[in-house]
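J.: Top to bottom, those sequences are chains A and B.
Under the numbering used here, the first residue of the first sequence is numbered 3, with each subsequent residue one higher.
Under the numbering used here, the first residue of the second sequence is numbered 375, with each subsequent residue one higher.
If you are wondering where the hints come from, they were derived from the structure by calculation, not from laboratory data.
Glycine residues also receive a C-beta, built at the ideal position from the N, C-alpha and C atoms.
Hints are supplied without guarantee of correctness; some may be wrong.
Claimed, not checked - Per label pair, the in silico range of CB-to-CB distance:
1) A:His65 / B:Val464: 39 to 49 Å
2) B:Ala509 / A:Gly747: 38 to 48 Å
3) A:Asn779 / B:Ser415: 50 to 60 Å
4) B:Asn506 / A:Gly305: 36 to 46 Å
5) A:Pro150 / B:Ala509: 17 to 27 Å
Unchecked claim - Derived pair list, reagent style PhoX-like, types lysine-lysine, alpha-carbon separation capped at 25 Å:
6) B:Lys407 / B:Lys388
7) A:Lys181 / A:Lys79
8) A:Lys398 / B:Lys485
9) A:Lys28 / B:Lys431
10) B:Lys485 / B:Lys431
11) B:Lys485 / A:Lys395
12) A:Lys168 / B:Lys400
13) B:Lys431 / A:Lys746
14) A:Lys7 / B:Lys485
15) A:Lys749 / B:Lys485
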Amino acid sequence: MTSLKAFIKSVRSCKTIADERNVVQKEAAAIRSSFRESSLDPHARRETILKLLYLFTLGERTHFGQIECVKLLASSKFTDKRLGYLGTMLLLDENQEVLTLVTNSINNDLNSANPYVVSLALSTLGNIASQEMARDLFQDIVKLLSSPVNNIRKKATICAMRIVAKAPELEEDFVEYSKKLFAESDSDALLATITFAIGLCQNNPALVPQYYYLVPRLVSELKSLGSTGFNLEYEVGGINNPFLQIKILQFLAILGSNNPETTEQMNDTLAQIATNTESSRSMGETVLYECVRTILAVAADSGLRTVGINIFGKFLASKEHNSRYVALNAMAPVAEIEPNAVQRHRNTILACLQDPDVSIRRSALELSYNLINEQTVRVIVRELLAHLEVCDKEFKAGISTQICSAADRFAPDRKWHIDTMIRVLSLSGNYTPEEVLAGFLVLVANSPDLQLYTAQKLFGATKADISQEALVIAAIWVIGEFGDKMIVGTKTEAFETYPDMIINEDTLIDLYSTVLDSQYTSAAIEKYTLTSLIKLSVRLNSPSSTERIRRLIQRFSKALDVDIQERSVEYSNLFGHNDVRRSAAAPMPVPEIKVLERVLKSSANKLKAKPVTKSNADLLLDLMGDEPSQVASTVSATGGPTAGADLLGMNDSEPSASTTDANKNIQDILGLFGDASGPSAVANVSGPYSVTSEEEGYVDENLRMTLEGQREDGVPGLTVLVRFYNVSGSGELNDISLAAAVSKGLKIQVLPIASTSIGNGASTVQKLKVTGPSGMNVKFRLKLGYTMNGSSKESQITFAKFPAGIL
Amino acid sequence: MALQFILIQNRQGKTRLARFFSAYTKQEESGIKSEIHRIVSTRDGRHQSNFADFRGKKIVYRRYAGLYFCVCVDNYDNELVYLEAIHNFVEILDDYFDNVCELDLVFNFYKVYAVLDELFIAGEIEETSKANTLARVQRLDMLE
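Work out the full structure: start from the sequences and follow the hints.
T.: Given below as structure tokens:
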């Protein structure tokens, strides 16, 4: 038998992979056969196991050695045990039956008199404990929590955390143990004890109040770490025990959230750390980062929050990619709560859109969406458009949608809105989601003053670049609807952009032929073109134009695509029935858009839609998945990107039947929106957000609470917006607090509530983040509390209204 | 809050150390190893951060000469702390092996695990003191 060293050397000296396989397989065979010998001396056995583990790190199959490792555990020698436990941790996983044998050995060793043996067993238990193990061994761990040996107590404390995570029914006992540990632990053991307590609180947020009493102690501990001289033993990176400082800060964030009293106790110290920590070294920056996260997580006063956000502002301007990355991520959730403080760093954030690191660009984008409001919309959308031009393909659809939703909500005037949309279509027309295009066409239909301008501009833009599908479709649609106006219309500002543009019957039809002949044409373009042509045929006067149009339509009478062929043949036949053609190609009824009217309140009156048959308007709205009442509440409650998602009709709860019905009806009236219906139904699934409807979670005479789930594609986890409405009709609701727990296997993060009091008729919102294996059902147990006129009320609610598989 | 796993890999993707704190099958483990190598080896150290997205979680990694030290954390975890924890681990290895190099980790892989087990348990940071850790590991070696 070769030694481990010789074996590793011979593997490393192999020149080819085939050689290596040869050596490895020979050794594996030798190891197998040596396990069969009963008379292996202890030294040779250890050497064999080591080689086996080396094989494991090479990625070989080593399951045959599991039992040998477990056998070593029973040896009385420390060397054997140490190797046995190492092998156990590497080769086994939680799901194997061999674990029962391991459980036995761990049980014995936890009670050993040798502290080093106990510590081996603890490490192993902590790393591989299964639910069963946790239940079998928790009493041994409890005993060790009061061990006189410091190191063992620390390890046992963290093991206890893992045990409760695996077997939550033991929680109650362990809370008491953790309190006892706090009473006993010096600053050396405090790190482990806090880790344990945080673990308990994360498993069950309802436990948090039990630890409120610790805040003064933690604060003074933190203060002394920051101010007293260095304890060299725990100095890392120039900071006194930074890992403990950070752990305390994390625990304070949990203890201070939604609790003004505990927050008050920690405010001063947080401010002190935020101002005194030396950020020139990376470790200092790390502590500072955690400190600001805590400040933002607790209900710290606005001044302190601003200090915190300014620290992030400094991070953003740093040369370090890591600092920018963390600051952008941490600022996103705060943008809604402290908009002004975050706005101040707008330029730095927008500069990050050009960062070479793609994840920094992504975070900067997310954050800049949150910064858009009435005042900033022009600046930010301009930056976003500039970014849209150069960004990776994967971002284009997302940015287009966000710009569109920002424009819908905050456009300063209609012309800016239309210009912005044309720019989006020209820059990313091949990635523009169907509903963005549909929204734009509705907008144009509703802007009679700007139709000529829009038509001319789209004509010019399309002549300049016919490679952008959505732009081409928009232009085709607009020419079909307003071709007559374009011929007789005067030159608008559009000619400033495209001075050489010539618009007459021939150039209009030329555009159609160019589009149809180009390599960029697609089935969607062809369908839109056919319908647009038949419309144009009644808007142009000269017989030669009509003849050209007829020939263009006829080109498709033998198209392979049945739908296109059918349109072509039917439209061609219409040329024999001029009366029918005229009425069929009449201008499209102007679709009503409530969203726009609400956003552009000032100009809404003069833009009142022409009278339309009610049913048609409703069907169009259905097509866009717009459920007006719901959108209204979303916008008023958050004003965030959610609203955009809703506006764009990605509502999962939309019954598909209505879409199909609508589709038929629309096609009957030759409306071009019919085309949008098919793809937009698909977009329901593939859009960046999936949203559940807002479900009622709780209601009484004073307060109504609703939950709405949102999921972003590609990003696991579910964001739940909890909204609280004051329906009391009389006074103000104060001290609103919500604790939430989820079923086992899921994890929940509770973000701070936007405001803990709401006036009569007002509302506030709080976000929960749920992560876990996809497809799991999401169920909550919620504890809701509030005070009204001095009397407080508390209720427990179980909420399971979300559809299955939302996660 | 806790780490999912710690990996040390070289630039060719050979794993030098792997400690998984959550239950994965061996097949999942090897899938993770090759995916992590794909992710970190293609990143540009000079122009990118030390954080990368990984299956809805985050990889915090740091390169030392030809070795990548990677840990997997939750999305809302403090990435910078784990970066510092990695550095602390490497400094301790450096003291322990007296100028550590990749070969030390190859020939003494079992000792590296011993150091790791003194610093992390159940995916949590247990010990942060360099002196304490070194004293303990050396004591363990003497027991052999």
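J.: So which of those numbered hints doesn't the model satisfy?
T.: 1, 3, 7, 8, 9, 10, 11 and 15
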